[in-house]
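Listed below, chain by chain, are the residues.
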Amino acid sequence: MKLLVYLLAGVIFGIGLTISQMVDPMKVLNFLSITESWDPSLAFVMVGAIGLFSISRIVFTKNNKVSIFGDVIGQKISSVIDKKLVVGSILFGVGWGITGLCPGPAVANISNLDPKILVFILVMIISMRISHRLK
Amino acid sequence: MTEFTPVAGLVGGLLIGLSAAMLLIFAGRIAGISGIVNGMFTRDRKEILWRGAFVVGLIIGPVIASNFNYSLPTNIEMTWPQVILGGIFVGLGTNLANGCTSGHGVCGIGRFSSRSIIATAIFMLVAMITVWLMRNGLGELL
Chain B
1 MKLLVYLLAG VIFGIGLTIS QMVDPMKVLN FLSITESWDP SLAFVMVGAI
51 GLFSISRIVF TKNNKVSIFG DVIGQKISSV IDKKLVVGSI LFGVGWGITG
101 LCPGPAVANI SNLDPKILVF ILVMIISMRI SHRLK
Chain R
1 MTEFTPVAGL VGGLLIGLSA AMLLIFAGRI AGISGIVNGM FTRDRKEILW
51 RGAFVVGLII GPVIASNFNY SLPTNIEMTW PQVILGGIFV GLGTNLANGC
101 TSGHGVCGIG RFSSRSIIAT AIFMLVAMIT VWLMRNGLGE LL
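In order, the protein sequences belong to chains B and R.
So for the first sequence, this note's numbering puts the first residue at 1; every next one is plus one.
So for the second sequence, this note's numbering puts the first residue at 1; every next one is plus one.
There may be inaccurate statements among the hints.
What the hints assert, rightly or not - Simulated pairs of lysine-lysine, DSS-like, Cα-Cα distance not exceeding 27 Å:
| hint | chain 1 | residue 1 | chain 2 | residue 2 |
| --- | --- | --- | --- | --- |
| 1 | R | Lys-46 | B | Lys-65 |
| 2 | B | Lys-2 | B | Lys-84 |
| 3 | B | Lys-2 | R | Lys-46 |
| 4 | B | Lys-135 | B | Lys-84 |
| 5 | B | Lys-135 | B | Lys-62 |
| 6 | R | Lys-46 | B | Lys-83 |
| 7 | B | Lys-2 | B | Lys-83 |
FYI, nobody ran anything at the bench for these hints, they're computed from the structure.
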């Protein structure tokens with residue numbers, strides 16, 4: 001039963017990425033390209049997503065200390081601003097800027113079986129695991 | 001060129017926000033895709049199952065949307081060096097920073113976390129500079 005909630009959340013996330021066209025690397029690259037052929041559509045994705053999430057969170061946590069499944073909300077969340085955060089964000093920005101792909105949209109593209117998407121995900125996961133081991 | 005689509009963007013964004021709110025309200029979890037994927041590689045069956053269910057949903061979602069005239073891109077215009085380099089940078093970067101566009105950009109900012117606001121500002125700025133470099137010479141080398 002719990003797994004159905006996770007599945008449904010994934011489905012909704014995937015539909016959201018598709019409707020907003022954030023699954024299209026060209027759309028993302030044009031959003032990031034302010035000086036030429038700028039497409040600000042994805043700013044509206046951020047506004048919608050952050051807005052709904054933060055309002056839901058504020059309303060829910062006001063009246064509840066634990067989630068519906070009984071977990072403490074926001075456990076294990078770091079608030080440290082360190083070198084790893086800064087270096088990691090720079091590296092991620094470079095990769096995002098080269099391809100227009102970040103993890104969510106890459107995974108959402110899997111059903112098309114495009115070899116470039118599949119190799120991107122494979123290399124991304126291998127890199128994550130190597131970084132995870134070294135940390 | 002891509003068409004300016006503010007309404008589709010807002011609707012899609014609201015759905016992403018709804019999904020993130022569901023994970024938080026039901027399970028107290030953060031909808032960060034890099035973290036969800038990275039955390040699948042464990043022996044803990046419970047962790048594998050919920051992450052796997054979410055990822056399967058994330059893959060099925062676009063297939064469902066394609067029945068309503070929303071489709072995945074079919075022209076992935078990237079060279080192989082770009083694919084490989086991009087994968088390496090995104091994998092290392094999201095793991096070091098503990099988050100990506102969803103974890104820091106949506107959930108973190110949505111919690112008003114200064115850590116996530118800084119991360120998002122950095123990766124967006126660096127991505128913008130990278131796109132400019134790619135479109136002004138670097139792209140022909142990669």
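Checking against the hints above, which ones are violated?
-> 2, 5, 6, 7
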